[in-house]
Amino acid sequence: MTGQANAGRPNQLLRNLHSKIASIPMILTAVVIFLGGTLWTVFYSFTNSKLLPRLSFVGLDQYERLWAAPRWLISIQNLAIYGVFSLIFSLVIGFLLAALMDQKIRFENAFRTIFLYPFALSFIVTGLVWQWILNPEFGVQSVVRSLGWSSFTFDPLYNSNIVIYGILIAALWQGTGLVMCLMLAGLRGIDEDIWKAARVDGIPMWKTYVLIIIPMMRAVFITTLVIIASGIVRVYDLVVAQTSGGPGISSEVPAKYVYDYMFQAQNLGQGFAASTMMLITVAIIIVPWAYLEFGGRKRG
Amino acid sequence: MADTVTLKGQAAHAAASRLTPGPQGKKPRPMFSPRNIMVYGALIFAAAYYLLPLYVMVVTSLKGMPEIRLGNIFSPPLEITFEPWVKAWSSACTGLNCDGLSRGFWNSVRITIPSTIVSIAIASVNGYALANWRFKGADLFFTILIVGAFIPYQVMIYPIVIVLREMGLYGSLTGLIIVHTIFGMPILTLLFRNYFTSLPEELFKAARVDGAGFWTIYFKIMLPMSLPIFVVAMILQVTGIWNDFLFGVVFTRPEYYPMTVQLNNIVNSVQGVKEYNVNMAATILTGAVPLIVYFVSGRLFVRGIAAGAVKG
Numbered sequence: 001m002t003g004q005a006n007a008g009r010p011n012q013l014l015r016n017l018h019s020k021i022a023s024i025p026m027i028l029t030a031v032v033i034f035l036g037g038t039l040w041t042v043f044y045s046f047t048n049s050k051l052l053p054r055l056s057f058v059g060l061d062q063y064e065r066l067w068a069a070p071r072w073l074i075s076i077q078n079l080a081i082y083g084v085f086s087l088i089f090s091l092v093i094g095f096l097l098a099a100l101m102d103q104k105i106r107f108e109n110a111f112r113t114i115f116l117y118p119f120a121l122s123f124i125v126t127g128l129v130w131q132w133i134l135n136p137e138f139g140v141q142s143v144v145r146s147l148g149w150s151s152f153t154f155d156p157l158y159n160s161n162i163v164i165y166g167i168l169i170a171a172l173w174q175g176t177g178l179v180m181c182l183m184l185a186g187l188r189g190i191d192e193d194i195w196k197a198a199r200v201d202g203i204p205m206w207k208t209y210v211l212i213i214i215p216m217m218r219a220v221f222i223t224t225l226v227i228i229a230s231g232i233v234r235v236y237d238l239v240v241a242q243t244s245g246g247p248g249i250s251s252e253v254p255a256k257y258v259y260d261y262m263f264q265a266q267n268l269g270q271g272f273a274a275s276t277m278m279l280i281t282v283a284i285i286i287v288p289w290a291y292l293e294f295g296g297r298k299r300g
Numbered sequence: 001m002a003d004t005v006t007l008k009g010q011a012a013h014a015a016a017s018r019l020t021p022g023p024q025g026k027k028p029r030p031m032f033s034p035r036n037i038m039v040y041g042a043l044i045f046a047a048a049y050y051l052l053p054l055y056v057m058v059v060t061s062l063k064g065m066p067e068i069r070l071g072n073i074f075s076p077p078l079e080i081t082f083e084p085w086v087k088a089w090s091s092a093c094t095g096l097n098c099d100g101l102s103r104g105f106w107n108s109v110r111i112t113i114p115s116t117i118v119s120i121a122i123a124s125v126n127g128y129a130l131a132n133w134r135f136k137g138a139d140l141f142f143t144i145l146i147v148g149a150f151i152p153y154q155v156m157i158y159p160i161v162i163v164l165r166e167m168g169l170y171g172s173l174t175g176l177i178i179v180h181t182i183f184g185m186p187i188l189t190l191l192f193r194n195y196f197t198s199l200p201e202e203l204f205k206a207a208r209v210d211g212a213g214f215w216t217i218y219f220k221i222m223l224p225m226s227l228p229i230f231v232v233a234m235i236l237q238v239t240g241i242w243n244d245f246l247f248g249v250v251f252t253r254p255e256y257y258p259m260t261v262q263l264n265n266i267v268n269s270v271q272g273v274k275e276y277n278v279n280m281a282a283t284i285l286t287g288a289v290p291l292i293v294y295f296v297s298g299r300l301f302v303r304g305i306a307a308g309a310v311k312g
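In order, the protein sequences belong to chains A and B. With this note's numbering, letter number 23 in the first sequence gets 23, and the count goes up by one each step, no holes. With this note's numbering, letter number 40 in the second sequence gets 40, and the count goes up by one each step, no holes.
Calculated from the structure, these hints are not laboratory results. Among the clues, some could well be false.
Said to hold, decoys possible - Cross-link-like lysine to aspartate or glutamate pairs, in silico, EDC-like; alpha carbons within 20 Å at most:
{"id": "1", "chain 1": "B", "residue 1": "274", "chain 2": "A", "residue 2": "137"}
{"id": "2", "chain 1": "B", "residue 1": "274", "chain 2": "B", "residue 2": "83"}
{"id": "3", "chain 1": "A", "residue 1": "104", "chain 2": "A", "residue 2": "192"}
{"id": "4", "chain 1": "A", "residue 1": "20", "chain 2": "B", "residue 2": "139"}
{"id": "5", "chain 1": "B", "residue 1": "274", "chain 2": "A", "residue 2": "155"}
Stated by the list, open to error - Chain A residues, not near chain B, derived (Cβ > 10 Å throughout):
{"id": "6", "residue": "56"}
{"id": "7", "residue": "63"}
{"id": "8", "residue": "132"}
Even glycine gets a Cβ: it sits at the ideal position worked out from N, Cα and C.
Looking at chain A on its own, in the form it has when it is part of the complex (with noise of 0.2 Å):
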């Protein structure tokens, strides 16, 4: 549409006049907030800013803090077995449930708008409600105790050993649903063919899976994989709701470790490190990703 209104106008910056002016706000957002202030942050993250951020520049002095934190390093330790966890089980869970409910089996809507409602609940109520199921003294322990098996326990959110994995219990009840439409989207997007070519074949199911349908929806996989992983390193209300951090600092992770450091600590230059560390994080996910996707495609 660029080009057809008019060849010959003499001033470049008047064309399109109007549709220059609607995307003022776009333009902003883009350049300002996401390029702009990722850009000052990465570069006040070189500077001692306390309480408000200034101009001192102290070099890496920041990132040798942030990484000689104990509480930084159990924050990475945290996000790093809860990252992939996640990432293996959602993925896992979420194919078999699409799996199954690819089966053209009966009340399909009810199974789907059960499986995916969770997805529907913010972070702070999943966090709450699991705090509770969780809760040694009225939830699950307690119950699996009063049926006689008193020494049963199973108490994640006090046990700073095993308290990720409380907070990972609550995160796959909540985003499994969306794995599973994603790769129901993906099953259904494979040719019946396939399937009777395998059955004349007389390939078994479960190998058929393995063996040819999963290598098909290798695209579906790639996708799924990048917005699970942009989310695990995002993660920080169902922290806050289901642990606040706790016990003691065992399950903190660096988005609340940035958000601390801002807003309550008053060590700004810690915040930004700590944020571009997130950064770099994502970075690493998505360029690869990208460039598979869309550097990759030019090419072919």
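With the hints as your guide, set chain B onto chain A.
Just chain B now, with coordinates in the frame of chain A:
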């Protein structure tokens, strides 16, 4: 899609079997075949697991505290009481305020409605400009916008605080509405751009020939044709903004805290005796709005999240 394929397959099968004698139609599958029992068993087990927290929430919120202390969380209430709901709504305490969740609810309403309208209005015009009136450099800005959707919010929060403070809007509802508009923009713009691109180009060209300009075409042609996508965008924004916690905490003063923030403050407050039934009633109340949107909108919600999934 698979359904239509199988239907066609069945039709072909039926046509073929009419030529040859023998049993007609599809081979009947027994209802209680081992395979069916396994599939439905697994699905029902999973469904029970997903429904459990909702059940526990409802059951707990209808019990009195003495019953909670004695019983287990899965047992249905012996005596149903609505007192926890009343208390959660109108008199639960956060710090010094004891006027319950109602304040947070109305704050959330005052945040969600204008944010939804403003963000959709701006993003739909953006999408329209990108689809039909592309100017030089437009794609570059759009790419930055989409890449920006993946940047963690924590990276951009402080610069926005500064910008809003300079504008005198930091802490106000207007400021929060602007923030929601900014962060809703990538996904909504993408949604609208893709939708407007899919509309037949001849319509646009015909209107151009008739002398219609940018805004005339938008209001007279594009808008009336794209109600479904507006509904999808609305579902996406209402649930997303209602469920937001981080922006509410960062960009508003305590008197404007949205419902999620207030809920968290009520439940996780360290003072006083924990009233689990009130907490659960408050939790349900906070989750009610997105849940209602979800159950009412059904398939459109699925479409919305499939598009919104990019947001992560």
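Hint-by-hint comparison with the structure:
1. Simply put, residue 274 of chain B and residue 137 of chain A have alpha-carbon atoms about 12 Å apart, close enough for the 20 Å limit, and the pair holds.
2. Simply put, residue 274 of chain B and residue 83 of chain B have alpha-carbon atoms about 15 Å apart, close enough for the 20 Å limit, and the pair holds.
3. Distance restraint check for residue 104 of chain A and residue 192 of chain A: the Cα-Cα separation of roughly 12 Å lies within the 20 Å cut-off, and the hinted pair is therefore satisfied.
4. Between residue 20 of chain A and residue 139 of chain B the CA atoms are separated by roughly 12 Å; this keeps the pair inside 20 Å, and the hint holds.
5. The straight-line distance between the Cα atoms of residue 274 of chain B and residue 155 of chain A is roughly 18 Å, inside the 20 Å bound, and the hint therefore holds.
6. Every CB of chain B lies more than 10 Å from the CB of residue 56 of chain A, the least distance being 17 Å, so the non-interface label holds.
7. With a cut of 10 Å on Cβ distances, residue 63 of chain A stays outside the contact zone with chain B, its closest approach being about 15 Å.
8. For residue 132 of chain A, the non-interface assignment is contradicted: its Cβ lies about 6 Å from the closest Cβ of chain B, within the 10 Å cut-off.
When the structure is compared with the earlier hints, a violation turns up for hint 8 alone.
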